[in-house]
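S.K.: Listed below, chain by chain, are the residues.
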Amino acid sequence: MSSTTAMEVNIEARRILAVSISKLYASRTQRGGLRLHRSLLLSLVMKSARDIYHSSRESEAPSGAQSTPEESMDTSSTPELPERQPAPLSQKNSSETAIEESDNKVEDYDLDTTEDKENLSPARQSRKRRGKASAAPDFLPNKRARLEPGEERYAAPLTSCRVGAGESLAILSLNQIIPAF
Amino acid sequence: MAGPGGDMQWCFSQVKGAIDDDVAEEIVSANCKSAEMLRHHTPFWASGTPTSTKAPHCNLVAHCVSAPVGNKGPSECAWTSDIISTVEFNHTGELLATGDKGGRVVIFQQEVENKNLPQFRSEYNVYSTFQSHEPEFDYLKSLEIEEKINKIRWLPQKNAAQFLLSTNDKTIKLWKISERDKRPEGYNLKEEDGRYRDRNSITALRVPVLIPMDLMVEASPRRVFANAHTYHINSVSVNSDYETYLSADDLRINLWNLEITDRSFNIVDIKPANMEELTEVITAAEFHPHQCNTFVYSSSKGTIRLCDMRISALCDKHSKLFEEPENPSNRSFFSEIISSISDVKFSHNGRYVMTRDYLSVKIWDLNMENRPVETYQVHEYLRSKLCSLYENDCIFDKFECCWNGNDSVVMTGSYNNFFRMFDRGQRRDATLEASRENSKPLQVLKPRKVCTGGKRKKDEISVDSLDFNKKILHTAWHPQDNIIAVATINNLYIFQDKVN
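Top line first, the protein sequences correspond to chains A and B.
Taken in order, the first sequence gives residues -12 to 168; the numbers are from my numbering.
Taken in order, the second sequence gives residues 3 to 502; the numbers are from my numbering.
Just chain A, same shape as in the assembly (with noise of 0.2 Å):
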């Protein structure tokens, strides 16, 4: 793939992403309620949208500026290992803003609606809290209060974020938006 048309997809998926956060961030003013359908669907839209950006950026930038992204993407999606820093946070480009954004737009209303307390653990609770704080831009509402640093976290074992960044990261999308219900 040529590195134009990979800066095209690339440029293609973020666009995409970033309608998809504002239409999830939309659903949870809609009148009836979040639905599940369509949150579903835009979390699997995003889902794509996000490998298709991943892999395009690795096909662009195959050298160690990946590992950085990377890196600090891991470290957004599996926040549950208290030993990695959000450091690498502050060299996301805007793009990267914007999934953090999102995560922690379907942080907000997973936290707001849910309704299936069973399916709640100290781990996922721990795991929403642990590096979005320090990420979350000052205009999103943050209607949690933030995890004090030293409390408790719990980790979670290290082979969950082994799979790859492609995988986990959709892993990822999945888990913070379905259990909003």
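Derived from the structure by calculation, the hints contain no laboratory data.
Using N, Cα and C, we set each Cβ at its ideal position, and we do this for glycine too.
Check each hint, because a few of them may be wrong.
Stated by the list, open to error - Cβ-to-Cβ under 8 Å is the rule here; a few derived chain A residues that face chain B:
#1 ILE3
#2 ALA5
#3 ILE8
#4 SER14
#5 THR16
#6 GLY20
#7 ARG22
Guided by the hints, dock chain B onto chain A, whose structure is given.
M.R.: Only chain B this time, still in chain A's reference frame:
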């Protein structure tokens, strides 16, 4: 469907609704701010008198006190609550029910005098109007429950009254629609105005007699089936045993007895133990027309599952799984969205199942699970436009589909107020348009064609000129006759086949 050689042609019969149905939902809601007004005004098509009128059109204009919509004058405002959300003929085709976003049900009745006159047999007039559902508020989740009627299903008629099930997102109601054409008169205990007369002045007792009166149609809720669905109800289907029915939401299907409202059986549950693992939802469900133990449900992944209730109480494990492998050359960002099935309908003979996804209609033989027997492209020219359709939300539109009475033709809607018919036997298809321009009485509908590229011919319309705000999501076919009801956003069109 059109052309020489004895093919069927379609004629305009009636249209119910406002003059201009060029309504985009967001425009209307931005201008008509009063929610109260939106809910309680009478829908356009219900303003006709219940008795027969000879006027073929109902050209009613709303009184709108808010700002005008677009270029319309202040008297031509359209209401979001008038958006038609479901259309259904009853089992004889004599009655046609519509539900709208405002929670109202309007029932039209076929004009009795005209039934034997072929050209006029598709005249339908308002029979009954009632408010089926009201908006509710779930205080526990801080969610508003929309009053929009998602589905109406008629029960087969058992006595003089008619019964139908109507549902919104959370509650199903059984409505009884009955006629009253006599009233008692001649009470000698009461005065004319109802006050009781002085006892001492009464010397005899007279039994009141029933005298004819103007026909009154009453609708009363006989059963309310509530609190059984956590997610949004998308389907209701009456069983052929006429005792039970199913209701389906995104993750569960419940089986009800029509008489019992305080409990239901859960027969399908696809909710994963961990919601993070959710990959598909139920999009539609229907009972088999003859086998009371069989039903199908469709999913957002494009699969159809057939279940047999005799096998186990919980039908999570399907008896048959109908799935077609995806064509890898068609893969895109939006493949999952466009493969999601929006409607599933058994054929009347019970041998086939039709499914509608975003771009196509597929017909499946119940005996063959690995691929459909027929696939019809509804608007393949949209495949290259999926990104724009995603941005303007059209890709999420849920089109319905329907069979004709003898299962030879299927019909579904599209954009620009086009609707499509596919003749299975003759392998022909037609694109027709529901528009006010073609609404002279008995005017024959001219087939439409969308130009997909290259030189546009004279009568063709190019893909970029299509109006995506004008969509036909709901269509219905008379069970025994060639009369169809086609709903645009807030108009109901009735067409019949051309009589020679």
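S.K.: Now, for every hint given, state plainly whether the structure supports it.
M.R.: Results of checking the hints against the structure:
Of the supplied interface hints, the one on ILE3 of chain A holds, with its beta-carbon coming within about 6 Å of a beta-carbon of chain B, less than 8 Å. Interface restraint check for ALA5 of chain A: the shortest CB-CB distance to chain B comes to about 10 Å, outside 8 Å, so the restraint is violated. A cut of 8 Å between beta carbons decides the hint on ILE8 of chain A: the least distance to chain B is about 13 Å, and the hint is violated. With a cut of 8 Å, the hint placing SER14 of chain A at the interface with chain B is violated, because the nearest CB-to-CB distance is about 10 Å.
Nearest Cβ of chain B to the Cβ of THR16 of chain A: about 11 Å, over the 8 Å cut. The hint is violated. A cut of 8 Å between beta carbons decides the hint on GLY20 of chain A: the least distance to chain B is about 4 Å, and the hint holds. Annotation: ARG22 of chain A was flagged as interfacial toward chain B, and the flag holds, the nearest CB pair being 6 Å apart, inside 8 Å.
Violation of the numbered hints given earlier is confined to hints 2, 3, 4 and 5; the remaining hints are satisfied by the structure.
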